[in-house]
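**Q** Single-letter residue listing:
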Amino acid sequence: MTDNGTSSGTPLRLKTGLAEMLKGGVIMDVTTVEQARIAEESGACAVMALERVPSDIRKDGGVARMARIDIIESIMATVSIPVMAKCRIGHFTEAEVLQKLGVDYIDESEVLTPADEHYHVDKHAFDVPFVCGCRNLGEALRRIGEGAAMIRTKGEAGSGNIVEAVRHMRSVVSELKGLAIKGDEELMTAAKDLGAPYELVRLVAEDGKLPVPNFAAGGVATPADAALMMSLGAEAVFVGSGIFKSSDPAQFAGAIVKATTHWDDPQRVLDACRTISGSAMEGLEIDKLDPSELLQSRGW
Amino acid sequence: MIPTVIPPATHSVGVLAIQGNWAAHARAVSALGHQPVLVKAVEHLTGITALLLPGGESSTMLHFLLSEDLLGPLTGFCRSGRPVFGTCAGAILLASGVTAPAQRSLGVLDMTVERNAYGRQRESFITRLADPGGDLDALEAVFIRAPVIRRTGPGIEVLLRHGETPVLVRSGPVWAATFHPEMTADSRVLAQVLST
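Sequence order for the protein chains is A and B. Just so you know, we're using our numbering here: the first sequence kicks off at 1 and counts up by one. Just so you know, we're using our numbering here: the second sequence kicks off at 1 and counts up by one.
No wet-lab data here; the hints were simulated from the structure. Hints are supplied without guarantee of correctness; some may be wrong.
Claimed, not checked - Straight line, CA to CA, 20 Å or less: simulated SDA-like cross-link-like pairs of lysine to any residue:
hint, chain 1, residue 1, chain 2, residue 2
1, A, K209, B, R122
2, A, K100, B, E123
3, A, K209, B, T184
4, A, K100, B, F125
5, A, K100, B, R120
6, A, K209, B, A26
7, A, K100, B, R122
8, A, K209, A, Y119
Claimed, not checked - Chain B residues, not near chain A, derived (Cβ > 10 Å throughout):
hint, residue
9, G33
10, G55
11, G72
12, D135
13, P173
C-beta: ideal position from N, C-alpha, C; glycine also.
Produce the complete structure using the sequences and hints provided.
**A** In C-alpha cells:
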C-alpha cells in the first residue's frame, strides 16, 4: 500500500503496522482490570476494553454503547500490551473520544447498537487505526475503502458458535481466489457485483490477498476453534465471551493462545486442548435465533 | 569439462514465529537469497545458522518461551557466535534489563530497554535515520509502540541513533533495532547482520 490516501496525515502503513505486530496472537475482550491482568498473563497480544462481553449484551438487550471511560482508562493503566475499544457503527464522536483517550485501535463494531443506519465512520480522518467486521469480500473492501487498517470476520458475537466466523472467512477467501483468475476486463463488473471500490478490487485481484491484515472474530470458544480459524486463513484471533464466560478463564485463555500459535501442528493443538478441564461458554444455535437478534446484520 | 557452479553462501535463517510480524522477516530473508525457517519449537533450531526475533508483543512471546521451555535453548543459540537480530519486541527479548514493566529476557545484550517508551500507537512514527559517511545513511525506520534503549554497556556498539537515543546496536554477531527494518524494502541492515 502507498502512504497516501489518509486525510489524517498518518500513513496507512503505520496503522496496519500495529496489526502486523498482533499477527499470530489472541486479542481478548475484558471488562475489568482483573480480567485484563489475566489476559496479559495468559499471553494475550492485546485486549479489547468493554463494559459487557457480547454474550451479556445479547442477554441484557437494550442499547449497547462505547464503554465507560473509567473502565477503559483503568485497563490502559494496567496492561503493557495494546488496548482496543469499540465505538458504535457510524458514531464518529465516540471514535474521536477514544482517539483522544489514546486507545491503540478502535473497533467500529456491530456488537454495539449502530448509531447510523447509512454511514460508517470515515476512518481516513483518524490517526488511530480502525478494525471493522465483514461477512464477505465486498464488505471487507468497503470498510478498507473507508480507511479500516484491519479486517475481522463478524461471525456471530456472543454465540459461542464458530459456524458464522467460518462462513465469513470462507467467503472472503473464496472470493479472493475468484478475483485472482479474472481478466482485467472483468474487474469493473466484479466491483459492481461486490459493491466495492474498483481500485481496491484491482489491487486484491493482483495481490491475491487483502491489503490489510485479516483476523477472525465472532464465536471462538475453544482452542480448536481458534486453530480452525487460523487454518482457514485468519492471521490472528479475537476472543470475546469465549474466555471470561468459560468456567476457568485463565485456563481457556492460555490454551487458546497456545493453539493459535501452533494451529498447524495437531499434536500441539491436542496438548492445548488437554490443558482444559473446565467447561466452555454456553453456545447458541444460530438457526434458533430470531433474525432480528443477529449482530452480524448490523452495518452493510 | 563440467562447469562448476559455486552457490552463494546462504544462511538457513530461523525466524521466531510465536507471534508478531515474523512473515515479513521471512520474506526479507528470502529476498536476500537465504532460506527462512520458522521456529516455534526447540527442534526447529536444529541446523539453522542465524536467528531473527521479530516485532510483536514481547510479553506474549516471553510467556510462550517460558511455558514451552524455549528460553534456555534460544539463549544458548544467541551465545553461540552465529548472527542474531532482534527488532522491537525482539530487541526487548535480547536485552539484559527490561523496564515498564520489568520482565525476564534472554539477557544476551548488555543494555536496558524501556517498553513502549514513546507512548501508545498514536505516537508511532516513520522517520529517516542519518549515518553520515556510513553504509546506512537515510535508512527509513518505522517505529511502532517502540521501546527505547536507556542504557548500553561497554561491549555494545551503537550504530544508529534517533536524536540522542540508540536505535540500532550490536555486540559482535548479536544485533538489535528498536524499529522495524523488515517493514521497508531496504534490506541493508539485514544484509549486514547476515554477513557477521
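**Q** Would you pick out the hints that fail for this structure and give their numbers low to high?
**A** Hints 1, 8 and 10 are the ones this structure does not satisfy, whereas the remaining hints hold.
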